[in-house]
Amino acid sequence: MKILVTGAAGFVGSHFCEAMLDNGHTVLGIDDLSTGSRMNLESFEKSSKFDFIEHDVREKIDVSCDAIVNFACPASPVHYQSDPIRTIETTFLGTQNLLKLAAKNSIRFLQASTSEVYGDPLVSPQKESDWGNVNPIGIRACYDEGKRAAETLCFDYRRMQGIDVRVMRIFNTYGPRMAKHDGRVVSNFIVQALKGEDITIYGDGLQTRSFCYISDLVAGATSFLFHNIAIKTPINLGNDHEFFIKDLAELVIQRTDSESKIIHLPLPQDDPRKRKPDLSLAHKTLNYFPKVELEEGIDRTVSYFKEVLN
Numbered sequence: 227m228k229i230l231v232t233g234a235a236g237f238v239g240s241h242f243c244e245a246m247l248d249n250g251h252t253v254l255g256i257d258d259l260s261t262g263s264r265m266n267l268e269s270f271e272k273s274s275k276f277d278f279i280e281h282d283v284r285e286k287i288d289v290s291c292d293a294i295v296n297f298a299c300p301a302s303p304v305h306y307q308s309d310p311i312r313t314i315e316t317t318f319l320g321t322q323n324l325l326k327l328a329a330k331n332s333i334r335f336l337q338a339s340t341s342e343v344y345g346d347p348l349v350s351p352q353k354e355s356d357w358g359n360v361n362p363i364g365i366r367a368c369y370d371e372g373k374r375a376a377e378t379l380c381f382d383y384r385r386m387q388g389i390d391v392r393v394m395r396i397f398n399t400y401g402p403r404m405a406k407h408d409g410r411v412v413s414n415f416i417v418q419a420l421k422g423e424d425i426t427i428y429g430d431g432l433q434t435r436s437f438c439y440i441s442d443l444v445a446g447a448t449s450f451l452f453h454n455i456a457i458k459t460p461i462n463l464g465n466d467h468e469f470f471i472k473d474l475a476e477l478v479i480q481r482t483d484s485e486s487k488i489i490h491l492p493l494p495q496d497d498p499r500k501r502k503p504d505l506s507l508a509h510k511t512l513n514y515f516p517k518v519e520l521e522e523g524i525d526r527t528v529s530y531f532k533e534v535l536n
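Everything in the sequence shown is counted per this note's numbering, starting at 227 for the first residue and increasing by one.
Keep in mind the hints are simulated off the structure, nothing from the lab.
A portion of the hints provided could be inaccurate.
[What the hints assert, rightly or not] Calculated lysine-lysine pairs in the DSSO-like style (CA-CA distance at most 30 Å, straight line):
| # | residue 1 | residue 2 |
| --- | --- | --- |
| 1 | Lys353 | Lys500 |
| 2 | Lys421 | Lys500 |
| 3 | Lys517 | Lys458 |
| 4 | Lys517 | Lys326 |
| 5 | Lys510 | Lys532 |
| 6 | Lys286 | Lys330 |
| 7 | Lys406 | Lys487 |
| 8 | Lys228 | Lys272 |
| 9 | Lys532 | Lys421 |
| 10 | Lys353 | Lys510 |
| 11 | Lys500 | Lys275 |
| 12 | Lys421 | Lys458 |
| 13 | Lys406 | Lys330 |
| 14 | Lys286 | Lys326 |
| 15 | Lys406 | Lys517 |
| 16 | Lys275 | Lys353 |
| 17 | Lys510 | Lys228 |
| 18 | Lys487 | Lys353 |
| 19 | Lys458 | Lys272 |
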């Protein structure tokens, strides 16, 4: 297949492109490079089966392909809050432009949504049937509500135009190719530890996250894209092992042999207290079971950041 992947130069998008190429597909990568990096494409950019177009998905595009996978949008609070209007335009207008392309060519469309659609959840673990608890006017809303609106668009296009639309709700993912200054907790802690700086925990550190290593996320996304039956609901993808943020900080200090000290700063507005996916639907539908435990994934990610910082 020829697969169009937006956000191709980003952390998750680049790993997905690489997996598609490894599986023998042709990939057309699209990215506006506002947060993505061409360095993420270095290992496969010269492949005869890979092409790249620098393009902003807020603008229309007309290309030939057999499937579309939409990762376009900054996913870290530092990036998506730096230009919130651009963020929500990317999630809504970008998704709309790509859905129009999918409708024109009658092709499959896989949308990267997020656990942020659940907001600060009232129930844990989070099931796909949960409607979420999101502040629509808060500083995170450009991303949270943008992704929720994108899901609405996807399912309206499915109902109105019969497109085979698939929506994956991605939970906290980490691994090599994360940007060192992107503000996500895993990269923050590792970079601070390797530099011997204080590790900053926002709040008391008793908020929880469930961390999924990138290879597991890509395996789930691949299964979802190529599943032979159209699936009529979003599906959670991630790892359901839940950790306190303070425990993650202590693990990073241990795995880096760092002498960093932990300090506490005020909790940002609307920061969710819990994050744990209910993976029952992914287990049943996609036979999806994440394999990489946090200690192993942190070690791999530490090795990557050691190279980056050196």
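Hints versus structure:
no. : hint            : verdict
1   : Lys353 / Lys500 : holds, 13 Å
2   : Lys421 / Lys500 : holds, 29 Å
3   : Lys517 / Lys458 : holds, 26 Å
4   : Lys517 / Lys326 : violated, 36 Å
5   : Lys510 / Lys532 : violated, 38 Å
6   : Lys286 / Lys330 : holds, 13 Å
7   : Lys406 / Lys487 : holds, 19 Å
8   : Lys228 / Lys272 : holds, 17 Å
9   : Lys532 / Lys421 : holds, 10 Å
10  : Lys353 / Lys510 : holds, 14 Å
11  : Lys500 / Lys275 : violated, 41 Å
12  : Lys421 / Lys458 : violated, 46 Å
13  : Lys406 / Lys330 : violated, 39 Å
14  : Lys286 / Lys326 : holds, 9 Å
15  : Lys406 / Lys517 : holds, 25 Å
16  : Lys275 / Lys353 : violated, 38 Å
17  : Lys510 / Lys228 : holds, 28 Å
18  : Lys487 / Lys353 : violated, 36 Å
19  : Lys458 / Lys272 : violated, 37 Å
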